[in-house]
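So the chains spell out like this:
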Amino acid sequence: MVKLKNFFRKFYLGLVIVFMYAPILVLVVLSFNSSKSRAKWGGFTTKWYSSLFTNDTIMTALKNTLIIALLSALIATVIGTLASVGINHMKKIPRAIMIGITNIPMLNADIVTGISMMLLFLALHYELGFSSVLISHITFNIPYVVLSVLPKLQQTNRSTYEAALDLGASPIYAFFKVIFPDIFPGILSGFLLAFTMSLDDFIITHFTRGATVNTLSTMIYSETRKGVKPEMYALSTLLFLSVLILLVIINRKNAYQAKKKER
Amino acid sequence: MSKNAKSPAKNPSALLATPYTIWMIGFIVIPLLMVVYYGMTAKSDGAFTFENIKLIAQPENLRALWLSILLSLISTIICLVIAYPLAMILRNMKFKSNSFIVMIFILPMWMNSLLRTIAWQNILERKGVLNAFLTFLNLPTLNIINTPAAIVLGMVYDFLPFMILPLYNTLAKIDENVINAARDLGANSRQTFMKIIFPLSLPGVISGITMVFVPSLTTFAISNILGGSKVLLIGNVIEQQFQKLNNWNSGSGLSLVLMVFVLISMALVAKYDKGGDSTSVW
Amino acid sequence: MIENKLIDLIHVTKRYGNNTIIDDLNLYIRENEFLTLLGPSGCGKTTTLRIIGGFESPDEGQVIFGGKDITKLPPNERQLNTVFQKYALFTHMTIAENIAFGLKIKKKSKQYINDKIKYALKLVNLDGYENRMPDSLSGGQQQRIAIARAIVNEPKVLLLDEPLGALDLKLRQDMQYELIRLKNELGITFVYVTHDQEEALTMSDTIMVMTQGYIQQIGTPEDIYNEPKNAFVADFIGESNIISGTMIEDKLVNILGCNFPCVDVGFGKNKPVDVVIRPEDIDLVKPEEGLMQGRVTSLIFKGVHYEMEVMANGYEFLVHSTDLSPVGSEVGIKVDPFDIQIMNKPESEDEEAVMPLE
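Residue numbers (the numbering used here), protein chains in the order written: chain H, 1 to 263; chain X, 1001 to 1282; chain Z, 2001 to 2358.
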């Protein structure tokens, strides 16, 4: 009875995972398809993987995507971490207001956020392009950082910080020596989440990019009608695999550290 | 904020939020006010008007809005039905950290979501992967590409993680002894679920619902890719106002209509999710 | 006390993987008894309670309740209720709804439920708290609600899992009296888990001392305190001097080279034993009057008594006395024969493992 229940549980979990990963498998298979059309299988090839690196439009879009993701995540992490410390020190009402504002881009429709930012740039006669996309990404990324860091800050023990002050540390020194190590996991996950969200964003980029700048998302969208270039499948497969490997390594390391902590 | 600025000596750390405050006012609050401004003024002379908002009453727009609401409601319900048992299963597996769960459900985001949606075209097409599989099993084939059903599938696929993660987060936080206490007081499994587990998971349910409903309601990419050009959602209508017709005012007016639904969602979250932690997905 | 077995655990064993939490445990609980399961954390006491409550099922053995085998019965069908560690109140319900939970499931009438809520709140001294939410109550108050929620169901047995663990000292002591009063008023059986030996001694009719899944000793508080069966129990219950000695013959033991008369018999001749002497049982006298001579090395005022350490024949004795002997003074050590407790040395390695790690 218990065994049957366990079997159904695992089966169900497996089913959802198949659902989540089936399209990814399709894309990986397509990246090895020698036919240019995704509708038919033309035999196995790795040519898209080599032609990928000579395709300037894809390479430029990749560069834009990665730079925007990295820069926006970094800047958002700095601003968001500072903001979290600030919010954590606020009294009840200003604090509630700040958390409310933080929730707006999280809960608002991306299309409205994108449109509103586009309107701002256009009204200011600020040329749409790389920097407008970057600003927009920073904007929707900061809340992810705040919402990752703030709970960690609330968990930190205030008396360790006070103990550090008591032992003669300056507030800044005490922060970096005592608080920072405690909230670092939150900062890191905020950064990674921001990076991921920026990488996967389409709608907001779509409205704020102007005519000149392309990220991978907007490039793919513009190709949906005429057909996505097979190199794009190859690139996504590579990106996906590298992240998969990275995450497995991090997970192993975390598990190892957790084990060490237990002892 | 102004309250804190008045007494910086008392609480200087609160000032660290200043750059963030300025940023959010500049890039969130003001832009939203601009949507309100454009939505309520006429394109020709900038005079105050409700005409842009009234555009929603035009039959084709109303049809698009109605279809959007219907499809996003259906996909939200499907997401909830799929995700709740899954989150319960994950909870009962009692992982030491949630990194495994996050890994499984965040990882797909690293494959571009548009590409993954396009991959569903391949799966759902008349001669696609799914039908090949069904034919192999001697089952009747499915022709759902370019129909609302395909759009619903795309929505469910894209936004399912946003239902699973908050649900799992709230369920995992329920003290095992609270459940034991209900059993101890005579409740059977069904009563325990209805009276204890489900009510306690409500914040996660609410934030999961809004996190699926809002993006489903406002998407234009999924409907474009999986609906062909046959199915028009409110997101497509608004997008066209801006990108094809260049009419900011009417686009903003229609966005304001969307905002009403967003505001309702936000109010719901604010009411039920007091800890604010179920929206954090990591 | 009524000699009537209510609960009987027979050969109960529980393992998690390769870890044996409870090893072949046999225990019976009588009607109207206050039984305390006492031991250090991880000794299996909570697991034992959870097996009685039905939250864990034993890998081997049986649980008998009122003559019926309930080993496989789910918790909601057992006639007992639990007060959980950290209370486990339903935070989304009011106090009244919390207390009414079990009664509503049993489909009692509205009138009956309301009367019961009133009665239970009065019993735990929290009248008028019906419409408060659990979060707005202090720890001690939440604890009382948890007890009220359990007892309205009129269980035959109340299981309490370290219920006072999260409270501060003063409140804990108040609640101990409160619990004893409750038990007397309700006239039901209490099974109580704690790691606090003082709590156990104060409240219990019977104490079961456990460590590493084994029962070390079962007895009344007086038995456990005055006649610990082994060094573990002696050390865990109160402070004590545990010294290696040799049983010269019946009623005479040699400790650190000096002979002490005692009352124990049947250990054989020249047999190595453990000797337990409680700090308050040592009399400090003039050097020439003592059986052993030593020098006071430290002195601390403890309020009700002085705590002294006396170095004698290479062993540092802990002594509690209301009479002060200054540091550095030469003293004689005298112990009443009744106050010397002789115990067999552990023989197997398995038993060695249960020795206190000090």
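Check each hint, because a few of them may be wrong.
[To be verified] Heads up, simulated EDC-like pairs for lysine to aspartate or glutamate below, C-alpha to C-alpha not over 16 Å straight-line:
1) K40/H / E1125/X
2) K2334/Z / E2288/Z
3) K2334/Z / D2323/Z
4) K1195/X / D2323/Z
5) K2005/Z / D2069/Z
6) K2156/Z / D2168/Z
7) K2302/Z / D2323/Z
8) K2086/Z / E2162/Z
9) K2110/Z / E2097/Z
10) K1094/X / D1175/X
11) K2086/Z / E1176/X
12) K2086/Z / D1175/X
In case anyone wonders, no lab produced these hints; they're calculated from the structure.
### Query
Are K2086/Z and E2162/Z close enough, with their CA atoms no more than 16 Å apart?
Measuring from Cα to Cα gives roughly 8 Å; hence the hint holds.
### Query
When you check the alpha-carbon spacing of K2334/Z and D2323/Z, does it fall within 16 Å?
holds (14 Å)
### Query
If you draw a straight line from the CA of K2005/Z to the CA of D2069/Z, is it 16 Å or shorter?
Since the Cα atoms of K2005/Z and D2069/Z sit roughly 13 Å apart, the hinted pair holds (cutoff 16 Å).
### Task
Measure nothing beyond the straight line between the CA atoms of K1094/X and D1175/X; if it is 16 Å or shorter, mark the hint as holding.
Judged against 16 Å, a Cα distance of about 12 Å means the pair holds.
### Query
Would the pair K40/H and E1125/X pass a check requiring their Cα atoms to be no farther apart than 16 Å?
holds (12 Å)
### Query
K1195/X and D2323/Z: Cα distance at most 16 Å?
violated (62 Å)
### Query
For the pair supplied as a hint, K2110/Z and E2097/Z, is the alpha-carbon distance within the 16 Å limit?
holds (12 Å)
### Message
Given the hinted pair K2156/Z and D2168/Z, is their Cα-Cα distance within 16 Å?
### Response
violated (29 Å)
### Query
When you check the alpha-carbon spacing of K2086/Z and E1176/X, does it fall within 16 Å?
Within the cut-off at roughly 11 Å; holds.
### Message
For K2302/Z and D2323/Z, compute the direct alpha-carbon distance and say whether it is at most 16 Å.
### Response
holds (12 Å)
### Message
Holds or violated: K2334/Z and E2288/Z, Cα atoms, limit 16 Å.
### Response
Satisfied, since the Cα-Cα distance of roughly 11 Å is no more than 16 Å.
### Query
Is K2086/Z close enough to D1175/X, meaning Cα to Cα at most 16 Å?
holds (10 Å)
Violated hints, in rising order: 4 and 6; the structure is consistent with all others.
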